[in-house]
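Please put together the full structure from these sequences, using the hints given.
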Amino acid sequence: MTTISGLAKEGGVGVETVRFYQRRGLLGTPERAGGVRRYGAQDVRRLKFIRGAQAAGFTLEQIGELLTLDAGQDRARARELAAERLAALDAKIAELEAARMSLRRLARECGASEEGPCPIISAFEG
1 MTTISGLAKE
11 GGVGVETVRF
21 YQRRGLLGTP
31 ERAGGVRRYG
41 AQDVRRLKFI
51 RGAQAAGFTL
61 EQIGELLTLD
71 AGQDRARARE
81 LAAERLAALD
91 AKIAELEAAR
101 MSLRRLAREC
111 GASEEGPCPI
121 ISAFEG
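Under UniProt numbering, the letters of the sequence shown match residues 1 to 126, in that order.
The hints are simulated quantities; they were obtained by calculation from the structure and are not laboratory data.
Relax, there's no trap hidden among the hints.
What follows is a list of derived Cβ distance ranges for each label pair: (1) Gln22 <-> Arg77: 21 to 31 angstroms; (2) Arg85 <-> Ala107: 30 to 40 angstroms; (3) Lys9 <-> Leu103: 34 to 44 angstroms; (4) Arg38 <-> Ala76: 32 to 42 angstroms; (5) Phe124 <-> Asp74: 39 to 49 angstroms; (6) Arg108 <-> Leu67: 46 to 56 angstroms; (7) Thr29 <-> Thr59: 15 to 25 angstroms; (8) Thr3 <-> Arg105: 49 to 59 angstroms.
Remember, it's a predicted structure, so these values are computed and weren't measured experimentally.
The C-beta atom is built at its ideal place from N, Cα and C for all residues, glycine as well.
Below you can see the structure in the form of structure tokens.
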């Protein structure tokens, strides 16, 4: 058993983040025992799950649904959420790759000549 600061430390977040997750209904708020709230291993596991799901790009709403699905063992819906997230990641990757190609082209053009305006600066002016 640990305090909120211990939970936050184990989860790699700040105390205010734990409180935010509690307000959003993602983490429970235990009753006070001797004036202090005590969190257990299940709370640490849940906090780490939330952080891991966020790192994978899930929204807090989706994370809440995943937590509900975990209790109900609804693998089909969990797969749907993962597929939606994968599609969003694929779209973002395509967008970033296009931006990288464009920036490479501009850098090449900029290095090809010292005359006239810089293609990189010109590209973002207009």
